[in-house]
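Student: Sequence:
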Amino acid sequence: MCSRFELNANSRQVTARFNLLAPPGMPNRAETRPTDSALVIGVGGASLARWGLAVEWDSRPLINARSETLASRPTFRRLLGCRVLIPASAWWEWRAEGTRRIKTKLAPAKSGLFAFAGLLDGECFTMITCAAPTELAEVHERMPVILPPEAEAAWVDPAVPYAEMAPLLRPMAGPFTIEAEAPPSPVQGSLF
DNA sequence: CCAGACGTTGTT
DNA sequence: GTCTGG
DNA sequence: CCAGACGTTGTT
DNA sequence: GTCTGG
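Read in order, the letters of the first sequence are residues 887 to 1078 in this note's numbering.
Treat the hints as calculated values from the structure; they're not laboratory data. Certain hints may be false.
Pairwise CB distance ranges, derived in the manner of DEER restraints [stated by the list, open to error]:
id, residue 1, residue 2, range
1, ARG963, ALA902, 30 to 40 Å
2, GLU1067, ALA1045, 35 to 45 Å
3, PRO1047, GLY984, 43 to 53 Å
4, PRO994, LEU906, 13 to 23 Å
5, GLU942, GLU1021, 30 to 40 Å
6, ALA1049, ARG987, 37 to 47 Å
7, GLU1027, ARG959, 15 to 25 Å
8, ARG987, VAL1046, 32 to 42 Å
9, THR1020, PRO1053, 41 to 51 Å
10, ALA908, ALA1023, 37 to 47 Å
11, ALA1066, LYS996, 12 to 22 Å
12, GLU1009, ARG986, 32 to 42 Å
With a Cα cut of at most 16 Å, we get these calculated EDC-like pairs of lysine to aspartate or glutamate [to be verified]:
id, residue 1, residue 2
13, LYS991, GLU892
14, LYS991, GLU1036
15, LYS989, GLU1027
16, LYS989, GLU892
17, LYS991, GLU1027
18, LYS996, GLU1021
19, LYS989, GLU1050
20, LYS991, GLU1065
21, LYS989, ASP1043
22, LYS989, GLU917
23, LYS996, GLU1065
24, LYS991, ASP1043
25, LYS989, GLU1024
26, LYS991, GLU1021
27, LYS991, GLU917
We treat Cβ as the ideally placed atom computed from N, Cα and C, and that holds for glycine.
Let's have the full structure, built from the sequences with the hints guiding it.
Tutor: Structure below.
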């Protein structure tokens, strides 16, 4: 599921939206993929972290954590107090249509920045997922957890027990904008 | 980052 | 070799 | 002891 | 590498 997202904003906009004390250094690109650096906001403010936890049994980064089970997974359990916000403006899923996969850009219809729920492990982070609501299920059955803005401060506060935060890990209410992106064009068209 | 696809016709 | 998706 | 999981997503 | 189940 979510293996790509966007933060289409500048440092000043992020500072204002998340009440930061100082403008953060921003990622090089708006579009973030696994292992890329992304902006994360924790109890100590904003910083850059790599997307995906390193695990011993797979060379690929562990980019998602299921909300339904993360409290019982040893890999994530130790991180339940290292909660971070991941500022974003949209994310992508791939809708299966026969054998084709249609890249689809998703965002809350109410425009503006929002925050995914993440867990930080040193310099790497993972993104928490939940079931997708009906409106999005036809695109993809899962989605990243988007926190209600009023819960963002508590989410990053390690003094707040995880048990109080767990109820937040559920599908965001819509509506959403859903934009299918143009299928990739051939690198070289036919000559005639 | 890395594994897997990358295409179609016609049909095992 | 390059692109795509997880 | 030792094979298999360990985590996700999507699904042969 | 470490943990778990048979």
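Student: If a hint holds in the structure, say so; if it does not, say that too.
Tutor: Hints and how they fare:
In this structure the supplied range 30 to 40 Å holds for ARG963 paired with ALA902, their Cβ-Cβ distance being about 35 Å. For GLU1067 and ALA1045, the hinted distance range of 35 to 45 Å is satisfied, since their beta carbons lie about 42 Å from each other. A hinted range of 43 to 53 Å for the beta carbons of PRO1047 and GLY984 is consistent with their spacing of about 47 Å. Taking the beta carbon of each, PRO994 and LEU906 are about 21 Å apart, inside 13 to 23 Å as hinted.
Distance hint for GLU942 and GLU1021: a CB-CB separation of about 38 Å, consistent with the stated range 30 to 40 Å. Between ALA1049 and ARG987 the CB atoms are about 38 Å apart, so this pair conforms to the stated range of 37 to 47 Å. At roughly 20 Å, the beta-carbon separation of GLU1027 and ARG959 lies within the given 15 to 25 Å, and the hint holds. Taking the beta carbon of each, ARG987 and VAL1046 are about 39 Å apart, inside 32 to 42 Å as hinted.
Against the hinted window of 41 to 51 Å, the Cβ-Cβ separation of THR1020 and PRO1053 comes to about 20 Å, which falls outside the hint. Separated by about 40 Å at the C-beta atoms, ALA908 and ALA1023 satisfy the suggested range of 37 to 47 Å. Between ALA1066 and LYS996 the C-beta distance comes to about 21 Å, which sits within the given range of 12 to 22 Å. Between GLU1009 and ARG986 the Cβ separation comes to about 37 Å, which falls inside the hinted range of 32 to 42 Å.
Straight-line distance between C-alpha atoms of LYS991 and GLU892 comes to about 10 Å, which keeps the hinted pair within the 16 Å bound. Only pairs whose Cα atoms come within 16 Å are accepted, and LYS991 paired with GLU1036 is rejected, the gap being roughly 25 Å. Restraint check: the Cα-Cα separation between LYS989 and GLU1027 comes to about 15 Å, which is no more than 16 Å; the hinted pair holds. Of the supplied pair hints, the one linking LYS989 and GLU892 holds, its CA atoms being roughly 14 Å apart against a limit of 16 Å.
A distance of roughly 15 Å separates the Cα atoms of LYS991 and GLU1027; the hinted pair therefore holds under the 16 Å criterion. For the hint linking LYS996 to GLU1021, the alpha-carbon distance of about 15 Å falls within 16 Å, and the restraint holds. For the given pair, LYS989 sits about 35 Å from GLU1050 by alpha-carbon distance, which is inconsistent with the 16 Å threshold. About 5 Å separates the Cα atoms of LYS991 and GLU1065, which keeps this hinted pair within 16 Å; it holds.
Taking the CA atoms of LYS989 and ASP1043, the gap is near 35 Å; set against the 16 Å cutoff, the hint is violated. With a C-alpha separation of about 14 Å, the suggested pairing of LYS989 with GLU917 holds against the 16 Å cut-off. Note on LYS996 and GLU1065: the hinted pairing holds, with a Cα-Cα distance of about 15 Å set against a maximum of 16 Å. Between the alpha carbons of LYS991 and ASP1043 the distance comes to roughly 31 Å, so the proposed pair goes past 16 Å and is violated.
For the hint linking LYS989 to GLU1024, the alpha-carbon distance of about 13 Å falls within 16 Å, and the restraint holds. The hinted pair formed by LYS991 and GLU1021 meets the criterion: a straight-line CA distance of about 14 Å does not exceed 16 Å. With a CA separation close to 12 Å, the supplied pair LYS991 and GLU917 stays within the 16 Å bound.
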